[in-house]
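Trainee: Sequence:
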Amino acid sequence: MLQSNDGLMEIDNNNDSLLELLKSVKTLQEQRVMIYKSFEKSYEAYITKIFSANDYQISCNMVTEGFKQIMVEIDNIAKIIEEEHKNKEVALLVKKLQELEREKLKSTVAFQMKSYETLFGEKDLTDEVDEAKKRMDYLIEEINEVNVEISSEIASLIL
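Going by the numbering used here, the residue at position 57 of the sequence shown is 57; the numbering climbs one at a time, nothing skipped.
No lab work stands behind these hints, which were simulated from the structure alone. Keep in mind it's a predicted model, so treat the numbers as computed, not measured. Heads up, some of the hints might be wrong.
Simulated restraints, written as ranges between beta carbons of each label pair [what the hints assert, rightly or not]: (1) Thr64 <-> Leu157: 29 to 35 angstroms; (2) Glu142 <-> Met34: 15 to 21 angstroms; (3) Ser38 <-> Val72: 16 to 22 angstroms.
Straight-line alpha carbon distances no greater than 25 angstroms define the calculated SDA-like cross-link-like pairs of lysine to any residue that follow [what the hints assert, rightly or not]: (4) Lys96 <-> Lys133; (5) Lys95 <-> Met136; (6) Lys88 <-> Ile154; (7) Lys79 <-> Glu145; (8) Lys106 <-> Glu83; (9) Lys86 <-> Ile150; (10) Lys88 <-> Leu139; (11) Lys41 <-> Leu139; (12) Lys133 <-> Tyr56; (13) Lys23 <-> Gln69; (14) Lys95 <-> Val148; (15) Lys41 <-> Leu28; (16) Lys86 <-> Gln98; (17) Lys88 <-> Glu153; (18) Lys79 <-> Glu89; (19) Lys104 <-> Thr27; (20) Lys68 <-> Lys106; (21) Lys96 <-> Ile35; (22) Lys68 <-> Gln98; (23) Lys106 <-> Leu28; (24) Lys88 <-> Ser24; (25) Lys41 <-> Ser52; (26) Lys104 <-> Arg135; (27) Lys68 <-> Leu93; (28) Lys23 <-> Ala91; (29) Lys37 <-> Asn61; (30) Lys133 <-> Met71; (31) Lys133 <-> Met113; (32) Lys68 <-> Glu40; (33) Lys133 <-> Ala45; (34) Lys23 <-> Glu44; (35) Lys106 <-> Lys86; (36) Lys26 <-> Glu149; (37) Lys68 <-> Leu100; (38) Lys96 <-> Val148; (39) Lys41 <-> Gly66.
For glycine and all other residues, C-beta sits at the position ideal for the given N, C-alpha and C.
Construct all of the structure, not just a fragment, from the sequences and the given hints.
Mentor: Listed below in structure tokens is the structure:
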């Protein structure tokens with residue numbers, strides 16, 4: 001495992017054990033959580049007028065690039081787990097994490113757009129904002145459950 005200049009992991013997956021691959025997924029997931037926190041802080045800065053629209057757009061572009069890099073890395077790991085380690089069950093678990101994270105990102109964007117419109121626009125989308133927030137909370141719970149399953153897989157490989 002190597003560290004790249006942008007702080008995200010670059011992984012030499014060719015010779016990694018299943019244990020190392022799953023540890024990499026966990027590390028990449030931790031990085032994704034940090035990027036999400038940055039994304040949420042940028043939105044808060046934007047709605048409180050600390051960030052201009054341009055500042056927020058720059059932040060969104062950086063966040064998007066970070067998400068893309070992590071998605072590609074984890075997708076590659078899932079493929080290696082399935083094809084080289086012949087472990088379809090664990091690969092499906094990693095793929096489930098990815099799908100939940102994609103849905104969470106969509107829900108987060110929907111939440112931000114609807115809450116911004118409610119705060120500063122001409123429409124009151126409070127009900128839609130509440131629904132989007134509930135959806136995000138549900139997805140976070142599901143993601144946490146998958147993370148626990150991945151941690152269990154790691155523990156079983158160590159023991």
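Trainee: Does each hint fit the structure? Answer for all of them.
Mentor: Status of each hint after checking the structure:
Our hint of 29 to 35 angstroms for Thr64 and Leu157 holds, since their Cβ atoms are close to 33 angstroms apart. Distance hint for Glu142 and Met34: a CB-CB separation of about 20 angstroms, consistent with the stated range 15 to 21 angstroms. As the Cβ distance of Ser38 to Val72 is approximately 19 angstroms, the hint placing it in 16 to 22 angstroms holds. Proposed proximity of Lys96 and Lys133 is supported: the alpha carbons are some 21 angstroms apart, at most 25 angstroms.
The straight-line distance between the Cα atoms of Lys95 and Met136 is roughly 19 angstroms, inside the 25 angstroms bound, and the hint therefore holds. At most 25 angstroms may separate the alpha-carbon atoms for a hinted pair to count; Lys88 and Ile154 meet this at roughly 16 angstroms. For the hint linking Lys79 to Glu145, the alpha-carbon distance of about 21 angstroms falls within 25 angstroms, and the restraint holds. The suggested pairing of Lys106 with Glu83 is violated, with an alpha-carbon distance near 29 angstroms, which exceeds 25 angstroms.
In summary, the hint linking Lys86 to Ile150 is supported, as the alpha carbons are separated by about 17 angstroms, within the 25 angstroms threshold. For a cut-off of 25 angstroms, the pair hint linking Lys88 to Leu139 stands: about 23 angstroms separates their Cα positions. Taking the CA atoms of Lys41 and Leu139, the gap is about 19 angstroms. The hint holds against a cut of 25 angstroms. Between Lys133 and Tyr56 the CA atoms are separated by roughly 21 angstroms; this keeps the pair inside 25 angstroms, and the hint holds.
As the CA atoms of Lys23 and Gln69 are separated by approximately 17 angstroms, the hinted pair is consistent with the 25 angstroms bound. Simply put, Lys95 and Val148 have alpha-carbon atoms about 15 angstroms apart, close enough for the 25 angstroms limit, and the pair holds. Using a Cα cut-off of 25 angstroms, the hinted pair Lys41 and Leu28 holds, with the two alpha carbons roughly 20 angstroms apart. Of the pairs offered as hints, the one joining Lys86 and Gln98 holds, with about 19 angstroms between alpha carbons and a cut-off of 25 angstroms not exceeded.
The suggested pairing of Lys88 with Glu153 holds, with an alpha-carbon distance near 13 angstroms, which does not exceed 25 angstroms. With a CA separation close to 12 angstroms, the supplied pair Lys79 and Glu89 stays within the 25 angstroms bound. A hinted pair counts as satisfied when its Cα atoms are at most 25 angstroms apart, and Lys104 with Thr27 qualifies at roughly 19 angstroms. This hinted pair checks out: Lys68 and Lys106 have alpha carbons roughly 14 angstroms apart, not beyond 25 angstroms.
In summary, the hint linking Lys96 to Ile35 is supported, as the alpha carbons are separated by about 20 angstroms, within the 25 angstroms threshold. Only pairs whose Cα atoms come within 25 angstroms are accepted, and Lys68 paired with Gln98 is accepted, the gap being roughly 11 angstroms. For the given pair, Lys106 sits about 19 angstroms from Leu28 by alpha-carbon distance, which is consistent with the 25 angstroms threshold. Our distance criterion of 25 angstroms between C-alpha atoms is met by Lys88 and Ser24, whose separation comes to about 18 angstroms.
Pair hint Lys41 plus Ser52 holds up; C-alpha atoms about 13 angstroms apart against a cutoff of 25 angstroms. Only pairs whose Cα atoms come within 25 angstroms are accepted, and Lys104 paired with Arg135 is accepted, the gap being roughly 8 angstroms. Straight-line distance between C-alpha atoms of Lys68 and Leu93 comes to about 19 angstroms, which keeps the hinted pair within the 25 angstroms bound. Taken as a hint, the Lys23 and Ala91 pair is honoured in the structure, with Cα atoms around 14 angstroms apart against an allowance of 25 angstroms.
With a C-alpha separation of about 15 angstroms, the suggested pair Lys37 and Asn61 falls inside the 25 angstroms cut-off, and the hint holds. Using a Cα cut-off of 25 angstroms, the hinted pair Lys133 and Met71 holds, with the two alpha carbons roughly 23 angstroms apart. A threshold of 25 angstroms between alpha carbons decides the hint, and for Lys133 with Met113 the separation of about 12 angstroms falls inside it, so the pair holds. With a CA separation close to 17 angstroms, the supplied pair Lys68 and Glu40 stays within the 25 angstroms bound.
In summary, the hint linking Lys133 to Ala45 is supported, as the alpha carbons are separated by about 19 angstroms, within the 25 angstroms threshold. For a cut-off of 25 angstroms, the pair hint linking Lys23 to Glu44 is broken: about 32 angstroms separates their Cα positions. Under the criterion of a C-alpha separation no larger than 25 angstroms, the hint pairing Lys106 with Lys86 is inconsistent with the structure, at around 31 angstroms. The suggested pairing of Lys26 with Glu149 holds, with an alpha-carbon distance near 11 angstroms, which does not exceed 25 angstroms.
For the hint pairing Lys68 with Leu100, the CA-to-CA distance comes to about 15 angstroms; that is within 25 angstroms, so the pair holds. For a cut-off of 25 angstroms, the pair hint linking Lys96 to Val148 stands: about 13 angstroms separates their Cα positions. Taken as a hint, the Lys41 and Gly66 pair is honoured in the structure, with Cα atoms around 15 angstroms apart against an allowance of 25 angstroms.
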